[in-house]
Amino acid sequence: MEAESQTQSQTSINSATDIVTARQRGRALALELGFNGADVTLIAAAISEVARNIVDHAKNGEILMAPLQNGHSSSRLGIQIIARDQGPGIRDVAQAMQYGYSTRKGLGVGLPGAKWLMDEFDIASEVGRGTTITMRKWKR
Amino acid sequence: MQVPILKQGGYLIASIQSVLSDADLIQLRDNLGARVGTYRSRGVIIDVTVLDVIDSFATRMLRGIAHMLKLRGAETVIVGIQPDVAFAMVQLGLTLEGVGTALDLEEGLAYLDLKTKRVTRDGS
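Which chain is which? The protein sequence lines are A and B, in order.
Each residue of the first sequence is one higher than the one before, counting from 1 in our numbering.
Each residue of the second sequence is one higher than the one before, counting from 1001 in our numbering.
The hints are simulated quantities; they were obtained by calculation from the structure and are not laboratory data.
Don't take every hint at face value.
Claimed, not checked - Label-pair distances were calculated between CB atoms; the ranges are: (1) B:E1097 to A:Q69: 36 to 44 Å; (2) B:Q1017 to A:G37: 18 to 26 Å; (3) A:M97 to B:E1107: 33 to 41 Å; (4) A:V127 to B:A1110: 52 to 60 Å; (5) B:S1018 to A:R129: 46 to 54 Å; (6) A:R136 to B:V1090: 16 to 24 Å; (7) B:E1097 to A:M97: 18 to 26 Å; (8) A:G128 to B:D1104: 49 to 57 Å; (9) A:D119 to B:V1050: 25 to 33 Å; (10) B:P1004 to A:P67: 35 to 43 Å; (11) B:V1090 to A:Y101: 19 to 27 Å.
What the hints assert, rightly or not - From the derived model, a few chain A residues whose C-beta atoms are all more than 10 Å from chain B: (12) I19; (13) H57; (14) A66; (15) Q80; (16) K139.
We put the beta carbon where it would ideally sit given N, CA and C, even for glycine.
Construct the complete structure from the given sequences, taking the supplied hints into account.
Given below as structure tokens:
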């Protein structure tokens, strides 16, 4: 057993291989937190998309994953995933979140798709400073 | 990890063994493109049973492989997409438009038999 596996984990994203690492860690954490199989897959897919966004646009970044707790209850109720980079940033976030919009040759479904997969999705970006995506999924 | 490609009669079977990196998928595309010519294959089965996630990149690659092989004269069928994986793809809005899919290897072979049925050159 890995020690402290339920605490926050941090995965550096520098290449396409790291995307696989990040989503496997996310899958493991989601399973530990008791998410059902379908949700575990949705979470892994969302991580895959935001990690790919880092590789494609910022080259380097990191993904932080942590259990989420309800303020009053000690039971773990969800998962939070933060994807951040110090890349070029997104000039028009609304446009980037449009389904089918891509500045590269992608399908343009990555970010809007990830939003659909999760319960909460927030994106903060500043041109020249980078992008931070925070997404959460709660156990049903 | 490289995907082994088996020759089965007039078909090729690419059986994905583990989680694939982007580079593995690109390699698979190149290998299939070449082998279809080498073996004059009319059909290709890509077995994705072990994939835990098929994200937008993997979808684009699978679609690209199928369309490329079609241009080389071979039909492609993707088999073994797991229920949770299929659900996540639907949520992501990903489709394998224009690409054959089948439940498993057996159904995939039946699909190819149907798709590649044609009169042989000597008419027999």
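Status of each hint after checking the structure:
1. B:E1097 to A:Q69: 36 to 44 Å: holds (42 Å)
2. B:Q1017 to A:G37: 18 to 26 Å: At roughly 21 Å between Cβ atoms, G37 of chain A and Q1017 of chain B fall inside 18 to 26 Å, so the hint holds.
3. A:M97 to B:E1107: 33 to 41 Å: 38 Å Cβ-Cβ, so the 33 to 41 Å window holds.
4. A:V127 to B:A1110: 52 to 60 Å: holds (54 Å)
5. B:S1018 to A:R129: 46 to 54 Å: violated (37 Å)
6. A:R136 to B:V1090: 16 to 24 Å: holds (21 Å)
7. B:E1097 to A:M97: 18 to 26 Å: This hint holds: roughly 23 Å between Cβ atoms.
8. A:G128 to B:D1104: 49 to 57 Å: holds (50 Å)
9. A:D119 to B:V1050: 25 to 33 Å: At 28 Å between Cβs, range holds.
10. B:P1004 to A:P67: 35 to 43 Å: holds (39 Å)
11. B:V1090 to A:Y101: 19 to 27 Å: Given about 20 Å between the Cβ atoms, the range holds.
12. I19: The claim breaks: I19 of chain A does not keep its Cβ more than 10 Å from every Cβ of chain B (closest is about 8 Å).
13. H57: Answer for H57 of chain A: holds, closest chain B Cβ roughly 14 Å.
14. A66: The claim holds: A66 of chain A sits with its nearest Cβ about 20 Å from chain B, beyond 10 Å.
15. Q80: holds (19 Å)
16. K139: K139 of chain A is indeed farther than 10 Å from all Cβ atoms of chain B, at 16 Å.
In terms of the numbered hints stated before, the structure departs from hints 5 and 12, listed from lowest to highest.
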